[in-house]
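Using the sequences and the accompanying hints, generate a full structural model.
Residues per chain, in single letters:
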Amino acid sequence: MSTHLRERQDGAIHLFGALSGVDEIYLSACEKNLRKSKRAVTFLHKYGKYAAAVLCLVMLGAGYAGMQSVKEVTMEKTENTTAADLQETPNQMARDSVEEVCPEEAEGAKLGKEALSEICVTEKTITLEEARSIRTVGEYIPVSLTDEGEILSVEGDGKTGAEWIKIRCNDAGTGEFMLKISALGEDEMLVVFDSDSIFEAKEFDRSCVERVFEKEEQENAAKGENAEESKREIGVLYETETGYVLVEFIGDGTEEEVWALFE
Amino acid sequence: MKDEEILNLYWMRDERAIMESQKSFGAYCYSIAIHILHTREDSEECVNDTWFRAWTAIPPGRPKHLALFLGTITRNLSFDRWKHKNAMKRGHGELEAVLEELEECLPSRNTTEEMVEEAQLQSCLNRFLGTLKEKERNIFLRRYWYAEECSEIAERYDMKLNTVKTTLFRVRGKLRKYLEQEGVVL
Numbered sequence: 001m002s003t004h005l006r007e008r009q010d011g012a013i014h015l016f017g018a019l020s021g022v023d024e025i026y027l028s029a030c031e032k033n034l035r036k037s038k039r040a041v042t043f044l045h046k047y048g049k050y051a052a053a054v055l056c057l058v059m060l061g062a063g064y065a066g067m068q069s070v071k072e073v074t075m076e077k078t079e080n081t082t083a084a085d086l087q088e089t090p091n092q093m094a095r096d097s098v099e100e101v102c103p104e105e106a107e108g109a110k111l112g113k114e115a116l117s118e119i120c121v122t123e124k125t126i127t128l129e130e131a132r133s134i135r136t137v138g139e140y141i142p143v144s145l146t147d148e149g150e151i152l153s154v155e156g157d158g159k160t161g162a163e164w165i166k167i168r169c170n171d172a173g174t175g176e177f178m179l180k181i182s183a184l185g186e187d188e189m190l191v192v193f194d195s196d197s198i199f200e201a202k203e204f205d206r207s208c209v210e211r212v213f214e215k216e217e218q219e220n221a222a223k224g225e226n227a228e229e230s231k232r233e234i235g236v237l238y239e240t241e242t243g244y245v246l247v248e249f250i251g252d253g254t255e256e257e258v259w260a261l262f263e
Numbered sequence: 001m002k003d004e005e006i007l008n009l010y011w012m013r014d015e016r017a018i019m020e021s022q023k024s025f026g027a028y029c030y031s032i033a034i035h036i037l038h039t040r041e042d043s044e045e046c047v048n049d050t051w052f053r054a055w056t057a058i059p060p061g062r063p064k065h066l067a068l069f070l071g072t073i074t075r076n077l078s079f080d081r082w083k084h085k086n087a088m089k090r091g092h093g094e095l096e097a098v099l100e101e102l103e104e105c106l107p108s109r110n111t112t113e114e115m116v117e118e119a120q121l122q123s124c125l126n127r128f129l130g131t132l133k134e135k136e137r138n139i140f141l142r143r144y145w146y147a148e149e150c151s152e153i154a155e156r157y158d159m160k161l162n163t164v165k166t167t168l169f170r171v172r173g174k175l176r177k178y179l180e181q182e183g184v185v186l
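Chains as they are written, first to last, in my numbering: chain A, 1 to 263; chain B, 1 to 186.
Calculated directly from the structure, the hints in this document are not laboratory data.
Possibly wrong hints are sitting among the right ones.
Which residues of chain B face chain A? A partial, calculated answer using Cβ under 8 Å [as the list claims (entries may be wrong)]:
(1) Y30
(2) S31
(3) H35
(4) K64
(5) E118
(6) L121
(7) R142
Here are the simulated lysine-lysine pairs, DSSO-like style, with alpha carbons at most 27 Å apart [as the list claims (entries may be wrong)]:
(8) K133/B to K177/B
(9) K215/A to K160/B
(10) K133/B to K160/B
(11) K160/B to K174/B
(12) K180/A to K202/A
(13) K177/B to K202/A
(14) K135/B to K64/B
(15) K215/A to K231/A
(16) K174/B to K135/B
(17) K85/B to K64/B
(18) K166/A to K202/A
(19) K202/A to K83/B
(20) K180/A to K166/A
(21) K202/A to K2/B
(22) K223/A to K166/A
(23) K202/A to K133/B
(24) K180/A to K177/B
(25) K215/A to K165/B
(26) K2/B to K231/A
(27) K2/B to K23/B
(28) K64/B to K2/B
(29) K165/B to K135/B
(30) K202/A to K23/B
(31) K133/B to K85/B
(32) K83/B to K165/B
(33) K202/A to K174/B
(34) K133/B to K64/B
(35) K165/B to K133/B
(36) K177/B to K135/B
Label pairs and their in silico Cβ distance ranges [what the hints assert, rightly or not]:
(37) E41/B to V58/A: 54 to 62 Å
(38) H65/B to E129/A: 53 to 61 Å
(39) D205/A to Q22/B: 53 to 61 Å
(40) E117/B to D205/A: 35 to 43 Å
Glycine included, every Cβ here is placed at the ideal spot set by N, Cα and C.
Below, the structure is given as structure tokens:
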């Protein structure tokens with residue numbers, strides 16, 4: 001073994017030894033976190049989907065029951081209403097009717113709607129300008145995209161408008177591609193970072209795009225498919241002050257087009 | 001038996017302290033030793049030595065976290081044993097004996113200067129660990145404190161093996177930069 005290698009190994013040994021002096025708080029947290037995360041992960045993995053599904057069904061059921069009673073009350077009221085009253089919008093009438101007949105139920109319906117909006121993420125069409133103004137994720141929309149381009153739609157998170165943006169575009173040819181820009185936490189980042197087609201921003205360059213295209217072509221060739229017809233997927237991960245932002249390209253496009261978006 | 005009760009046994013110089021330590025923390029300490037030494041006999045010896053080290057340290061010591069206190073002793077003993085074995089492998093035949101004999105001539109390694117340097121490095125490492133996110137820190141400690149394999153860590157935290165490796169790679173890079181910034185030379 002060379003002297004240099006021996007020195008490096010001695011340095012590593014020294015470092016390993018020095019780690020014995022790690023603060024007990026960190027070691028203790030390491031043990032606690034283990035138990036907590038195992039339980040949490042197990043629970044979420046086992047029951048998370050079912051819990052979400054049941055919750056959604058309950059909310060839908062509550063909504064349906066609410067609508068039924070609203071319908072009944074509305075029909076009664078409609079029978080007694082004048083021609084002028086009919087000009088009122090059905091939604092307004094329904095709301096008024098419920099509040100008149102059953103204020104508690106109206107309050108419940110409002111609460112249910114709020115809860116539902118918190119649980120279910122709704123897509124909302126927004127303008128590119130609005131999308132750009134969204135804090136954090138909006139800043140990562142490529143400057144090359146403009147309203148004058150081939151943008152088909154821009155969608156954002158209906159609730160907060162700050163979690164993700166999807167932009168669907170026509171590429172220069174006849175195909176379509178989507179740019180998805182998402183804000184991620186540490187756990188989500190670790191999961192997505194495991195993918196071969198996702199790169200850290202500081203290490204991302206043209207060669208990364210080339211590698212993804214080459215790999216995909218090889219895979220398609222092995223499968224006997226036409227590489228030109230398959231969807232490309234490539235993502236760049238940016239570290240922000242509060243977490244991470246992932247910009248993903250999914251769809252048709254040439255190597256040059258993809259690189260131009262990220263460049 | 002609770003930690004506090006075991007500690008009281010040590011303080012009362014009751015030999016049941018060793019038996020109870022073995023019952024409560026034997027598996028934990030053995031797990032630390034086996035990850036470093038990879039041999040059952042050596043690991044068991046280190047665990048047994050741990051109780052005797054604890055016996056001489058308590059009293060006057062009264063550790064807040066008995067498991068971590070004992071675990072740290074096991075880690076140090078196992079690492080010392082590993083270093084000794086590893087150093088012996090560097091020599092061959094007679095040279096091994098010569099080195100062993102020469103070891104007796106070496107002055108104590110724990111000179112004041114070395115101890116200060118060691119304390120500074122430990123303090124630096126603790127500051128660095130404080131800059132990491134909790135998950136990164138836990139993965140780092142599982143690997144470099146407990147010497148667990150990446151696959152074990154992945155299973156423990158329900159993560160992909162590559163994710164664990166990627167995280168460790170990133171943290172090692174951060175540590176190198178941090179140590180350079182702090183002017184630490186190893």
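task: Tell me, in ascending order, the numbers of any earlier hints that this structure violates.
output: The structure breaks hints 1, 2, 3, 17, 19, 21, 22, 24, 26, 30, 31; every other hint is satisfied.
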